[in-house]
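As you go down the protein sequences, you meet chains A and B in turn. Just so you know, we're using our numbering here: the first sequence kicks off at 1 and counts up by one. Just so you know, we're using our numbering here: the second sequence kicks off at 1 and counts up by one.
Because the hints were derived from the structure by calculation, they are not lab data. Where hints are given, some of them may not hold.
Straight line, CA to CA, 20 Å or less: simulated EDC-like cross-link-like pairs of lysine to aspartate or glutamate [claimed, not checked]:
1) B/Lys288 x B/Asp157
2) A/Lys126 x B/Asp9
3) B/Lys184 x B/Asp195
4) B/Lys83 x B/Glu177
5) A/Lys249 x B/Asp9
6) A/Lys249 x B/Glu100
7) A/Lys249 x B/Asp525
8) A/Lys249 x B/Glu230
9) A/Lys249 x B/Glu340
10) B/Lys496 x B/Asp285
11) B/Lys83 x B/Glu100
12) B/Lys83 x B/Glu51
13) A/Lys292 x B/Asp9
Quick caveat, the model's predicted, so the values are computed rather than measured.
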Amino acid sequence: MIDRRLIENIDWFLIGLLVLNSLLGVVVIYSASHYVPGNYHWRQLFFIGASLLALFVLLLVDYQVLMTFSLYFYGAVVFVLLMMLVFSRFISKGSWIKLRYFQIQPSELAKIAIILVLAHLFAEYKRNHVSATAVLISSGLVALPFLLVAVQPDLGTAVSFLPLLIGSLILAGLRRNAIIWILLLAFLAGIAGWNFYLKDYQKKRLATVVFPSRDPQGAGYHILQSKIAIGSGGFLGKGFARGSQSQLKFLPARHTDFVFSVIGEEFGFIGVVGVLLLYYLFLWRLFRSAGKSRDRAGVYITFMVSLMIAFQLLVNVAMVIGIFPIVGIPLPLLSYGGSSLLANYLGVGLVLNVKMRRFVNI
Amino acid sequence: MEKDRFYEDLSLILSRTHKVSIVIGLLLLFLVFFCWKVQILDHKKYWTLAEANRTRESVIIAPRGLITDRNDIILAENTASFKASIIRENCRDYDWSLAEVGRLLEIAPGDLTARINKYESLPLFRPIVVKDNLDLKDVSRIESRRLELPELIVETDPRRYYLFGNMAAHVIGYMQELSALELKNEAYPERSLGDMVGRTGVERQYESILVGTDGRRLEIVDSQGRSRGETSRSEPTPGRDIQLTLDFDLQRKATQLLEGKEGAIIVLNPRSGEVLALASFPTYDPNKFITRFSPQEWMELINREDHPLENRAIRGLYAPGSIFKMTMALGALNAGVITEQTTFFCAGAVNFYGRPFNCWQRGGHGALTLTEAIQRSCNVYFYNVGRRMGIDRIAESAELLGFGERTGIDLPGEKEGLVPTPEWSRSVRKTDWYAGETISVAIGQGPLVVTPLQVAVQVAILANRGRGVVPHLLMSSSLSQGRTSGPAPGDAAAEKVRAEFFETVIRGMWKSVNEEGTGRGAKVDSFDVCGKTGSTQLISRERAEKLGKQIKTHSWFAGFAPRDNPQVVVTVLVEYGGMGGATAAPLAKELFSLFREKHD
Numbered sequence: 001m002i003d004r005r006l007i008e009n010i011d012w013f014l015i016g017l018l019v020l021n022s023l024l025g026v027v028v029i030y031s032a033s034h035y036v037p038g039n040y041h042w043r044q045l046f047f048i049g050a051s052l053l054a055l056f057v058l059l060l061v062d063y064q065v066l067m068t069f070s071l072y073f074y075g076a077v078v079f080v081l082l083m084m085l086v087f088s089r090f091i092s093k094g095s096w097i098k099l100r101y102f103q104i105q106p107s108e109l110a111k112i113a114i115i116l117v118l119a120h121l122f123a124e125y126k127r128n129h130v131s132a133t134a135v136l137i138s139s140g141l142v143a144l145p146f147l148l149v150a151v152q153p154d155l156g157t158a159v160s161f162l163p164l165l166i167g168s169l170i171l172a173g174l175r176r177n178a179i180i181w182i183l184l185l186a187f188l189a190g191i192a193g194w195n196f197y198l199k200d201y202q203k204k205r206l207a208t209v210v211f212p213s214r215d216p217q218g219a220g221y222h223i224l225q226s227k228i229a230i231g232s233g234g235f236l237g238k239g240f241a242r243g244s245q246s247q248l249k250f251l252p253a254r255h256t257d258f259v260f261s262v263i264g265e266e267f268g269f270i271g272v273v274g275v276l277l278l279y280y281l282f283l284w285r286l287f288r289s290a291g292k293s294r295d296r297a298g299v300y301i302t303f304m305v306s307l308m309i310a311f312q313l314l315v316n317v318a319m320v321i322g323i324f325p326i327v328g329i330p331l332p333l334l335s336y337g338g339s340s341l342l343a344n345y346l347g348v349g350l351v352l353n354v355k356m357r358r359f360v361n362i
Numbered sequence: 001m002e003k004d005r006f007y008e009d010l011s012l013i014l015s016r017t018h019k020v021s022i023v024i025g026l027l028l029l030f031l032v033f034f035c036w037k038v039q040i041l042d043h044k045k046y047w048t049l050a051e052a053n054r055t056r057e058s059v060i061i062a063p064r065g066l067i068t069d070r071n072d073i074i075l076a077e078n079t080a081s082f083k084a085s086i087i088r089e090n091c092r093d094y095d096w097s098l099a100e101v102g103r104l105l106e107i108a109p110g111d112l113t114a115r116i117n118k119y120e121s122l123p124l125f126r127p128i129v130v131k132d133n134l135d136l137k138d139v140s141r142i143e144s145r146r147l148e149l150p151e152l153i154v155e156t157d158p159r160r161y162y163l164f165g166n167m168a169a170h171v172i173g174y175m176q177e178l179s180a181l182e183l184k185n186e187a188y189p190e191r192s193l194g195d196m197v198g199r200t201g202v203e204r205q206y207e208s209i210l211v212g213t214d215g216r217r218l219e220i221v222d223s224q225g226r227s228r229g230e231t232s233r234s235e236p237t238p239g240r241d242i243q244l245t246l247d248f249d250l251q252r253k254a255t256q257l258l259e260g261k262e263g264a265i266i267v268l269n270p271r272s273g274e275v276l277a278l279a280s281f282p283t284y285d286p287n288k289f290i291t292r293f294s295p296q297e298w299m300e301l302i303n304r305e306d307h308p309l310e311n312r313a314i315r316g317l318y319a320p321g322s323i324f325k326m327t328m329a330l331g332a333l334n335a336g337v338i339t340e341q342t343t344f345f346c347a348g349a350v351n352f353y354g355r356p357f358n359c360w361q362r363g364g365h366g367a368l369t370l371t372e373a374i375q376r377s378c379n380v381y382f383y384n385v386g387r388r389m390g391i392d393r394i395a396e397s398a399e400l401l402g403f404g405e406r407t408g409i410d411l412p413g414e415k416e417g418l419v420p421t422p423e424w425s426r427s428v429r430k431t432d433w434y435a436g437e438t439i440s441v442a443i444g445q446g447p448l449v450v451t452p453l454q455v456a457v458q459v460a461i462l463a464n465r466g467r468g469v470v471p472h473l474l475m476s477s478s479l480s481q482g483r484t485s486g487p488a489p490g491d492a493a494a495e496k497v498r499a500e501f502f503e504t505v506i507r508g509m510w511k512s513v514n515e516e517g518t519g520r521g522a523k524v525d526s527f528d529v530c531g532k533t534g535s536t537q538l539i540s541r542e543r544a545e546k547l548g549k550q551i552k553t554h555s556w557f558a559g560f561a562p563r564d565n566p567q568v569v570v571t572v573l574v575e576y577g578g579m580g581g582a583t584a585a586p587l588a589k590e591l592f593s594l595f596r597e598k599h600d
């Protein structure tokens with residue numbers, strides 16, 4: 001069932017960039033956590049291997065087939081999220097399901113289900129502009145898992161569903177006026193809510209609900225420590241495993257959400273530019289893959305996967321350098337965490353899947 | 001085969017993906033620029049912050065120099081003391097911490113917050129001392145709650161300890177914390193908030209010698225404030241020791257003699273000016289100042305009516321009374337207004353300028369020569385002498401013997417007293433001098449005021465037959481640069497006064513002690529004590545009789561010994577002690593005897 005021609009069309013360059021980025025992550029994770037128990041670097045290496053395996057398994061099945069089952073995947077994920085909420089006291093802790101040896105974050109895998117279901121929805125959508133019905137259906141499909149994840153509470157992951165929706169609507173042809181209206185309404189609602197509806201103590205409370213245990217030492221402490229880490233790195237950085245901010249634990253969540261700060265501190269501006277350049281190549285290759293798909297669904301899949309990774313990258317970096325509020329969004333591929341890594345690998349797997357089957361006859 | 005047949009036209013949606021990818025590329029570029037700003041443009045700022053994060057500087061307090069007496073008996077030393085400090089940076093919940101610490105160490109919540117607020121300006125990682133002199137129970141209590149209260153730490157410090165408590169307290173002085181105000185004044189450029197400095201006495205006078213240079217320790221700390229080892233350390237340089245001229249035995253004796261009284265005793269070597277004993281009573285325990293008074297204790301101490309903190313020997317201003325008669329006698333002889341043989345008749349009182357001036361001996365002394373007048377302390381004789389001299393020549397003689405100016409002792413805060421003159425009266429008092437006052441000054445009353453130390457110096461100059469002397473507390477062998485910038489010991493009196501006049505006055509003083517004079521209470525067998533008593537009236541005797549009260553006078557004795565080879569000057573003042581001969585002279589005798597015993 002796997003044809004030689006399909007294997008020939010696998011984008012090995014993209015896989016190379018993917019693995020290179022992930023291995024770079026292992027190096028930084030080692031630097032950020034070798035002095036605490038947990039062997040995070042070894043575990044991350046294992047996750048990379050497992051995710052790569054999952055990626056190749058995914059290539060075996062035609063994405064068209066996957067799309068036909070997309071509603072079942074979606075339903076299963078929503079069911080799991082719902083169960084987590086209902087039985088939260090027994091099986092889960094926030095966004096995690098605790099298993100014996102490790103824990104998984106179903107909300108990360110929900111992204112893949114959403115991508116497939118949206119691609120499926122818009123596969124035959126050939127009009128130049130999107131209709132109100134399509135907007136409502138797609139919004140509903142994203143809103144359901146969004147709410148379930150947001151109340152876990154894991155606002156970061158929930159928010160990273162939004163670019164999938166917005167991306168697909170843009171592709172489907174959102175009218176310019178509609179875009180302006182949506183942005184304007186969201187902006188006004190946010191401002192009005194913050195200024196008139198919420199009281200100070202509620203804002204504070206909301207902040208602690210949204211960012212649990214992230215701010216024990218006074219507002220802005222983590223942002224400040226992160227900026228200090230990045231800024232003190234200077235041009236060349238302090239050297240591998242020699243950043244005082246991370247080694248002495250001034251930096252929060254060093255091997256997860258704030259891994260970019262460790263890069264900034266230990267490898268300096270050079271390191272930051274290097275990593276961002278690598279990401280740029282990777283994203284450029286991903287976005288360009290859209291042109292190599294044989295059908296509309298393939299473009300949607302490729303575009304949403306690219307957007308998913310780009311969004312996480314932009315928000316995470318903006319967050320750690322202090323120009324975006326702290327929401328728990330990891331740096332894709334580099335941050336420690338199996339579920340997030342697996343979701344990104346599966347996403348890239350989908351893109352490869354689309355790309356390698358571009359010449360197959362219908 | 002045409003492509004379009006098999007493939008849909010995706011150009012529209014592909015162009016949309018292209019646009020979005022460009023936006024994303026631009027956002028990425030923006031992030032790079034922002035990193036440039038943080039890492040390159042603002043690098044210095046964040047580097048400094050990172051360094052401040054990871055390092056903690058702490059001070060290693062240098063032990064202060066010891067203070068010893070002339071025979072190397074230690075008077076002030078350093079012991080270790082434990083103190084509890086709060087590191088505010090480590091407080092998880094500030095209010096809770098304060099409540100817990102207050103309960104643990106039994107400090108009133110108000111005192112604790114007041115104390116911490118005082119040091120608000122210090123960086124958060126700097127420990128603030130909340131309680132010193134912890135006993136072992138406190139220390140173990142703190143240690144047992146180490147994990148719960150990482151903000152509370154125990155430090156050890158060298159602490160000043162005065163072995164003999166209140167003995168010589170006024171000489172040694174005490175130490176207190178620097179106040180924020182003093183730091184602003186930059187009087188102590190090298191010191192920082194919370195440091196102890198000498199406040200009075202030798203501790204203050206020789207602060208710069210006694211104080212060492214504090215060491216500094218730079219530690220690497222993690223985000224929990226735990227030390228990860230030192231990066232640099234500069235050892236403290238201990239302060240230098242100083243040796244005082246005090247003689248432990250004489251000082252202790254003087255202290256014992258004054259116990260329960262108010263007054264001052266000074267024992268001096270007339271030749272060198274070395275102060276062998278200097279006591280002021282009531283006194284205080286300087287150890288109390290180190291341990292940080294509670295606010296009430298402090299208020300009680302400074303508001304006490306008998307002013308225990310005041311060093312009466314150098315700051316108490318008293319009428320010299322009959323002690324001044326030596327100055328009068330010397331001045332009159334030198335001015336030629338009398339000779340040794342000049343005789344006046346004392347009938348118990350004499351009238352001048354239309355008012356009577358009394359002698360203390362109501363019945364009168366009869367006809368007296370100068371030495372007899374000194375021996376028996378006759379007022380009437382000196383009223384006559386005073387009238388002949390006039391106030392200007394009296395003042396001249398007083399200044400020649402050291403009155404009206406500081407002696408230059410190496411203690412802070414010495415007062416200069418007052419030798420009144422008509423010019424002083426016009427410029428300061430804004431009234432004319434009137435002749436009757438001259439008569440009062442002639443027996444050491446009136447506006448004339450002196451310190452006990454000035455009296456001691458007067459006697460020393462007489463004993464030295466005119467050679468001046470600067471009393472001092474620092475052994476000259478102790479430190480070469482130790483001498484204070486007081487007046488150089490002048491020999492003005494020796495130059496201006498003929499030696500035989502000194503002998504005349506000294507003969508009178510010798511008679512006072514050894515030939516049944518007023519000073520006989522100070523007689524020591526075969527030690528040839530020469531001295532003079534004084535009993536200064538606080539109000540006139542007539543007034544006291546009218547009030548029907550017995551008003552006690554201040555009681556003076558000042559003398560030296562031996563007559564021909566003076567080795568020691570003793571000055572005793574007892575406030576409200578009654579007659580000088582009855583109260584002060586016997587105290588002086590004890591000191592003369594002790595001195596003699598020690599130097600046989």
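Against the structure, the hints come out as follows:
Taking the CA atoms of B/Lys288 and B/Asp157, the gap is about 16 Å. The hint holds against a cut of 20 Å. Restraint check for A/Lys126 and B/Asp9: the C-alpha separation of about 10 Å stays at or below 20 Å, so the hint holds. With a C-alpha separation of about 14 Å, the suggested pair B/Lys184 and B/Asp195 falls inside the 20 Å cut-off, and the hint holds. Straight-line distance between C-alpha atoms of B/Lys83 and B/Glu177 comes to about 14 Å, which keeps the hinted pair within the 20 Å bound.
Distance restraint check for A/Lys249 and B/Asp9: the Cα-Cα separation of roughly 54 Å exceeds the 20 Å cut-off, and the hinted pair is therefore not satisfied. Straight-line distance between C-alpha atoms of A/Lys249 and B/Glu100 comes to about 27 Å, which puts the hinted pair past the 20 Å bound. This hinted pair does not check out: A/Lys249 and B/Asp525 have alpha carbons roughly 82 Å apart, beyond 20 Å. The hinted pair formed by A/Lys249 and B/Glu230 meets the criterion: a straight-line CA distance of about 18 Å does not exceed 20 Å.
A hinted pair counts as satisfied when its Cα atoms are at most 20 Å apart, and A/Lys249 with B/Glu340 does not qualify at roughly 93 Å. Distance check on the hinted pair: B/Lys496 and B/Asp285 sit about 45 Å apart at the alpha-carbon level, beyond 20 Å; violated. The straight-line distance between the Cα atoms of B/Lys83 and B/Glu100 is roughly 17 Å, inside the 20 Å bound, and the hint therefore holds. Of the pairs offered as hints, the one joining B/Lys83 and B/Glu51 is violated, with about 28 Å between alpha carbons and a cut-off of 20 Å exceeded.
A distance of roughly 13 Å separates the Cα atoms of A/Lys292 and B/Asp9; the hinted pair therefore holds under the 20 Å criterion.
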